[in-house]
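Chains as they are written, first to last, in my numbering: chain G, 1 to 331; chain W, 1001 to 1331.
Warning: the hint list may mix true and false statements.
As the list claims (entries may be wrong) - Within a straight-line C-alpha distance of at most 30 Å, the following computed DSSO-like cross-link-like pairs (lysine-lysine) qualify:
| no. | chain 1 | residue 1 | chain 2 | residue 2 |
| --- | --- | --- | --- | --- |
| 1 | W | 1170 | G | 291 |
| 2 | G | 170 | W | 1189 |
| 3 | W | 1308 | W | 1327 |
| 4 | G | 189 | W | 1327 |
| 5 | G | 170 | W | 1291 |
Claimed, not checked - Now the stretches of chain W that chain G is said to cover, found in silico as 3 or more residues with beta-carbon under 8 Å:
| no. | region |
| --- | --- |
| 6 | 1135–1142 |
| 7 | 1243–1249 |
Unchecked claim - If you only want the chain G side, here are some residues facing chain W, beta carbon under 7 Å, derived:
| no. | residue |
| --- | --- |
| 8 | 89 |
| 9 | 134 |
| 10 | 158 |
| 11 | 170 |
| 12 | 246 |
| 13 | 323 |
| 14 | 324 |
| 15 | 326 |
Source of the hints: derived by calculation from the structure; they are not laboratory data. The structure presented is a predicted model; accordingly, all values stated were derived computationally and were not measured. All C-beta atoms, glycine included, are put in the ideal place defined by N, C-alpha and C.
There are 2 protein chains.
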Amino acid sequence: MKLLITGGGGFIGSRLARALLDRGHLGGRTLERLVLTDQVAPPEALAADPRVETRVGPLLALAPTLGTEGYDGVFHLASAVSGECEADFELGLRSNLDSTRALLDALRATVQRGGKPARFVFSSSVAVFGPDPAVPLPARVADTTLPAPQTSYGTQKLVCEHLVADYTRKGFLDGRSMRLPTIVVRPGKPNLAASSFASGIIREPLAGVECPCPVAESTGVWILSPRRVVEAFIHAHELPSGAWPTTRVVNLPGITLTVREMIDAMGRVAGRDAVSRVKFVPDARIQGIVKTWPVRFCTDRALAMGFKADTDFESIVRDHIENEKSKAVAA
Amino acid sequence: MKLLITGGGGFIGSRLARALLDRGHLGGRTLERLVLTDQVAPPEALAADPRVETRVGPLLALAPTLGTEGYDGVFHLASAVSGECEADFELGLRSNLDSTRALLDALRATVQRGGKPARFVFSSSVAVFGPDPAVPLPARVADTTLPAPQTSYGTQKLVCEHLVADYTRKGFLDGRSMRLPTIVVRPGKPNLAASSFASGIIREPLAGVECPCPVAESTGVWILSPRRVVEAFIHAHELPSGAWPTTRVVNLPGITLTVREMIDAMGRVAGRDAVSRVKFVPDARIQGIVKTWPVRFCTDRALAMGFKADTDFESIVRDHIENEKSKAVAA
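Let's have the full structure, built from the sequences with the hints guiding it.
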């Protein structure tokens, strides 16, 4: 089978690629070809696999050709992050809306030429919920909660969910959208997402670096680990079409932790020194954004569909340490 | 002031144009220029007014130029109807999504060049509610009810609502979207909308023509008259920006009638002969669509904002008869 990952050079995209190559099959079929697209080249270890092809460039430009290549499945992860989209409105429209639309239309063209609709797993976000400052969210946000995006990023993700549902209804693809919690621990550098601190306060201290924490220790975060999100993408693809609701979208399960609980768990795994490297440096702008985010969800539907949350934060910290070690060995 | 009506050659657009020209002002400012765009030329009586300019062509092609013209207000009514969008997916995307996006981006460019954001009144639809066959609607649909479009038309309207809200949040326009009930009595010919019968069963008998009714007499319809919807567009424009919710969208008020109640009201106004011209000829396809439509709404917010429903169906029938008479005199 032939699969495509957009954003395949990114953090989650490249982990998903690694996981797919390692298992070698999906839904009972052998993986023969895995195409990775991104603005940057994927890690060399991926590119070296004979099953992998890479296409470096803007998705908007690549999309029409991708539509002629007959994919069995597409994982659409390419996206500008929330902070980028707020800072540069056109970038957000182009990267998150126009590129998705171009990809959907390319896949539609395949079907209109007689091809089979591809399974299409779309990476959406709980940012669709906003919330609207005038409308309090329920105690636990559910799949049936009314989205009310308050960012261009959240708006674009929601719009794409609706397009995925309509293209699916029309038989142009077999869409499956997942609203991702905050992914912790992200490796690499801090980014422009307001949630960047949630990984920073673990990643930096574990690397021996002091890290400012811009929010109060009582701040809650709705979390999923890199390991679990990769499993979720694979599971989303493998589920039969009929397991998905008409909306084609679910809120993924996660766990709710306060910043204090996250730091304490890191301390239990890595010791007091790591904990002492987190410095609380309140940032009113980031606090103002983060305090509005929903942190408690009812994800009964996703759980019934077989998606899984992490069981505890210590395991997430240990996973991160292992991953960093194996990177250091590979380098 | 300078106003634009897209779809200005259509039934509601041309009535709105007539009403604006007759009153001569909007929000306390004198109407100096009214530009009407449509695929067809507007009625001659409108085009003859020295304040009117017409642009005939696809909105997608006209939009970039419109963005350079400095409108104070825009009424965006141009749209393909639900039946057309289901029959021709690309037509729907082009007419309802891409054209709206092009118009929004043209208005954004005005602001980015230093212009003032235009008031932008968008004609949306209760078709956004679907409903999803797996998720029953509440007894009364409210502004807070989760949209679940089941047609490309409904999807495209909902997507545009979200874009209007985000462009408004960013200061590129001052958007106001209204979800219209079924407009009865539409003049002219039956069209491809599944709701076409709701006007047909009044319009055709009053014109002395027999009319098949494809649905049962107990079928409910959520109705607003042409007169009231024109008033709603004007009121939507005149309201201060702060009167609108963050979502920038409201469900318009309407009245709920069964087909039987509509026909009986027509009988009271126009006599038994008119009633006898309605022939019940069940059409399973149309019944299947219409029976899923929500017919009861809670529109407290719109009512508090000053939008008004019709008081009774007899007045709607009388209005229609008056309008047809004045057309006949003009011809």
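Worksheet item: Are there hints from earlier that the structure breaks, and if so, what are their numbers?
Response: 4, 6, 13, 14 and 15
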